[in-house]
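Peer 1: Okay, here's what each chain looks like letter by letter:
Number of protein chains: 2
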Amino acid sequence: MPPFSESGLPLQPGPREPGPLEPGPLEPGGAIGIIGGGQLGRMLADAASRLGFDVVILEPEPDSPASRVATHTLVAAYDDPVALRALADTAAVATYEFENVPAAAVAALVAMDIEVAPGARALATAQDRFDEKTFLNAHGVGTVAFAEASTAEEAAAAVTRIGAPALMKTRREGYDGKGQRWIEHAVDAGAAFEALGGVPVIVEAACDFVRELSVIAVRGRDGATAVYPLGENHHEGGILRRTIAPARASQALADQAERIAAKVLAGLDYVGVIGIELFEMADGRLLVNEFAPRVHNTGHWTQDGCECDQFEQHIRAIAGWPLGPTRAIAQVEMLNLLGEEVDGWARYAAEPETRLHLYGKREAKPGRKMGHINRVKPL
Amino acid sequence: MPPFSESGLPLQPGPREPGPLEPGPLEPGGAIGIIGGGQLGRMLADAASRLGFDVVILEPEPDSPASRVATHTLVAAYDDPVALRALADTAAVATYEFENVPAAAVAALVAMDIEVAPGARALATAQDRFDEKTFLNAHGVGTVAFAEASTAEEAAAAVTRIGAPALMKTRREGYDGKGQRWIEHAVDAGAAFEALGGVPVIVEAACDFVRELSVIAVRGRDGATAVYPLGENHHEGGILRRTIAPARASQALADQAERIAAKVLAGLDYVGVIGIELFEMADGRLLVNEFAPRVHNTGHWTQDGCECDQFEQHIRAIAGWPLGPTRAIAQVEMLNLLGEEVDGWARYAAEPETRLHLYGKREAKPGRKMGHINRVKPL
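Note that the protein sequences, when read in sequence, are chains A and B.
At position 248 of the first sequence (counting the first as 1) the number is 248 in the numbering used here, and the numbers step up by one without a gap.
At position 292 of the second sequence (counting the first as 1) the number is 292 in the numbering used here, and the numbers step up by one without a gap.
None of these hints come from the bench; they were simulated from the model.
Ideal placement from N, C-alpha and C gives every residue a C-beta, glycine not left out.
Certain hints may be false.
[As the list claims (entries may be wrong)] Where chain A lies over chain B, by a calculated footprint (3+ residues, C-beta under 8 Å):
(1) 67-77
(2) 91-100
(3) 220-234
(4) 285-299
(5) 303-313
(6) 338-351
[What the hints assert, rightly or not] Using C-beta positions, here's what the derived DEER-type ranges look like:
(7) A/252 with B/238: 53 to 63 Å
(8) B/121 with A/344: 31 to 41 Å
(9) B/350 with A/248: 29 to 39 Å
(10) B/237 with A/140: 25 to 35 Å
(11) A/350 with B/236: 37 to 47 Å
(12) A/343 with B/198: 51 to 61 Å
(13) A/343 with B/352: 31 to 41 Å
(14) B/350 with A/111: 24 to 34 Å
(15) B/236 with A/107: 32 to 42 Å
(16) B/237 with A/103: 47 to 57 Å
[Claimed, not checked] Capping the alpha-carbon separation at 20 Å, the derived lysine to aspartate or glutamate pairs in EDC-like fashion look like this:
(17) A/377 with A/277
(18) A/365 with A/27
(19) B/365 with B/194
(20) B/178 with B/128
(21) A/377 with A/340
(22) B/377 with A/307
(23) A/377 with B/307
(24) B/365 with A/27
(25) A/369 with B/333
(26) B/377 with B/304
(27) A/365 with B/27
(28) B/377 with A/304
(29) A/178 with A/27
(30) A/369 with A/222
(31) B/377 with B/353
(32) A/369 with A/304
(33) A/377 with A/307
(34) B/178 with B/27
(35) A/263 with A/304
(36) A/377 with B/27
(37) B/263 with B/277
Using the sequences and the hints given, assemble the complete structure.
Peer 2: Structure follows, in structure tokens:
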């Protein structure tokens, strides 16, 4: 038994034809690889199993949330060549639950004739905040003003050019508010640059937005696209606290979001679900804050607010299936359960309007996403 | 590594207190044991994982549908003492997905201080068709006329007493129309008895019903009960083909079904979901055909027609959680996909109103339940 296999079973190829997936869809009974074993991988695995697929998780942490609902788990580094080989031998298509999967891992899988969706272009663009905003502007999608910097001096110049206060973020890595600093005065830029590790950064203009919204969109292998209704998001301490969906929004605003999603999806030649975070400005314009090339926390409301949720939608898209419906059938308030808040599960379980989604994480560290609830009301 | 463990991991006890579960509920992170690895076990495991539970499957067949979505699988006979010991060491509560689980297995688990729900009384009653109907009549619930027989002579006498045509069924085992014969004339009774294996049988009067209905009901550890709206069922060749739910039904009919469910649940001191098959007679009376002490094929519509489906409802009940809502939020037509019908998955996947549920079974034998679809319409 190879040391990275948690299943104890030799990994058997599914009933697939060798070679690339296209043009045919992946048939039920085939296996889907998921890089990453967290809650998004777990909910993707649930959706895949509902459609009759086997699931193989690649995740270095043993006993991960996703591994406990998957057919097989490869406990290995994301870029472990033996594990990637086993993944390619088992699954016909692979996806990932987080955007910081090593580009080399995706390249290795593609070289082994396994489809990876979303593809390398989407992943590379999303992994670098400067490339991401540059891509957006180049495709006619508005963002705040931004500048890159690779030295303390460049950082100070960038803040002067953009104007303080400004937000300095590492170009790569970081999530949930980690790896970023507010710069109140240009003179603080150098120190902030060093505090962020002296790595390449992006400086973003402060944004006086009215609301934070997001649009969850999907594009199939055939280029068909669909968008879910807008969600209105509330963050606390850099972490998503609450999404209300469908958000109150004019048809013009919804149309604007749909146009943005269409540009992003086409520009990335995207396959799968994408989460696009938006700032609604006082003049009605939508700016893109960032996008995540994966299912997204602000799309969890679709589990109980739509007939086909973002997880099934993503599996359908990457498997080459037709997209499912995206209309809302209920009004939902999604609330993240962070850290010890999950200990309040019994109260939520007793609310008839509340659907509970818990991730099975063993330890409730402060701020850790342990689960979420969807409070559902008729539309 | 014990030979019956498919997971390759030593089975670790969850964060449970030793001893019986009551009075407290099972906390998320705890493990639920499921005896049986088929599609019902699979869908129960999905629901359990959504609530943050680990799942341990006990099933002799390797690579079963449920094992592929479960945290651990014990590949062993249902009454294997070593496997039952491992199950009791791992899980705080156990349930089963089929009513023919050996009574000795349940008794062994109970002796090891693991809660089993539904309990031994419900299981024993459901395992014997004569005991089942005797129980029903004793609790004021109507059935067709019936008689038991243990010899060919008794069988002939029973048919004469009940009146031909009559239905002869083995008292134990049998499902989906297996283990039963129609007796057109009393003289055929002896031969039918022998053809059924010479085992104890029950002879049931033919029933000139108007419709076949079913009620899916649930009872919590605290005695709280709830019923889902009635389903109208259509069988072909003894196998369920279609359920339409909520069925068109008067309030009086719905009330009658609810009273029947309440009597059955209380009479069995039941915990969990039960499926009760009903005959609607021309005079408006409901007779019980049979009940299954488990989630039921005629309740699959609740996955897409209710906020809390029968699978989550069962997990909530056996875990000592409050029951979820049972009202319908959509009109559903559930259609079983039997044998090679599952090959039509692509057509169903393309229907926006259709939700697909596939079981991941490797081989599409004729008549085998491979999946189902729920066609959903607004109420």
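Peer 1: Now, for every hint given, state plainly whether the structure supports it.
Peer 2: Hints, verified against the model:
1. 67-77: holds (count 4)
2. 91-100: violated (count 0)
3. 220-234: violated (count 0)
4. 285-299: Since three or more residues must qualify, the claim that chain A covers the region 285-299 of chain B is violated, with 0 doing so at under 8 Å.
5. 303-313: Holds, because 3 residues of the region 303-313 of chain B bring their Cβ atoms closer than 8 Å to Cβ atoms of chain A.
6. 338-351: holds (count 5)
7. A/252 with B/238: 53 to 63 Å: 57 Å, holds
8. B/121 with A/344: 31 to 41 Å: Once the Cβ atoms are compared, 35 Å apart, the range 31 to 41 Å for residue 344 of chain A and residue 121 of chain B holds.
9. B/350 with A/248: 29 to 39 Å: 33 Å, holds
10. B/237 with A/140: 25 to 35 Å: Distance hint for residue 237 of chain B, residue 140 of chain A is violated at roughly 60 Å.
11. A/350 with B/236: 37 to 47 Å: Given a distance of about 42 Å, which is inside 37 to 47 Å, the answer is holds.
12. A/343 with B/198: 51 to 61 Å: 58 Å, holds
13. A/343 with B/352: 31 to 41 Å: 40 Å, holds
14. B/350 with A/111: 24 to 34 Å: 33 Å, holds
15. B/236 with A/107: 32 to 42 Å: Check failed, 52 Å falls outside 32 to 42 Å.
16. B/237 with A/103: 47 to 57 Å: Holds, at about 55 Å.
17. A/377 with A/277: 24 Å, violated
18. A/365 with A/27: 40 Å, violated
19. B/365 with B/194: Given pair residue 365 of chain B, residue 194 of chain B is violated - Cα atoms ~28 Å apart, limit 20 Å.
20. B/178 with B/128: 15 Å, holds
21. A/377 with A/340: 26 Å, violated
22. B/377 with A/307: 11 Å, holds
23. A/377 with B/307: With a Cα-Cα distance of about 11 Å, the restraint between residue 377 of chain A and residue 307 of chain B holds, given a limit of 20 Å.
24. B/365 with A/27: 18 Å, holds
25. A/369 with B/333: 37 Å, violated
26. B/377 with B/304: Status holds; Cα separation ~10 Å.
27. A/365 with B/27: Since the Cα atoms of residue 365 of chain A and residue 27 of chain B sit roughly 18 Å apart, the hinted pair holds (cutoff 20 Å).
28. B/377 with A/304: OK: residue 377 of chain B and residue 304 of chain A at ~16 Å, within 20 Å.
29. A/178 with A/27: Judged against 20 Å, a Cα distance of about 40 Å means the pair is violated.
30. A/369 with A/222: 34 Å, violated
31. B/377 with B/353: 7 Å, holds
32. A/369 with A/304: 19 Å, holds
33. A/377 with A/307: 15 Å, holds
34. B/178 with B/27: 40 Å, violated
35. A/263 with A/304: Violated, at roughly 28 Å.
36. A/377 with B/27: The given pair, whose Cα atoms are some 27 Å apart, is violated under the 20 Å limit.
37. B/263 with B/277: At roughly 14 Å apart (the allowed maximum being 20 Å), residue 277 of chain B and residue 263 of chain B satisfy the hint.
Against the hints set out earlier in the document, violations occur for numbers 2, 3, 4, 10, 15, 17, 18, 19, 21, 25, 29, 30, 34, 35, 36.
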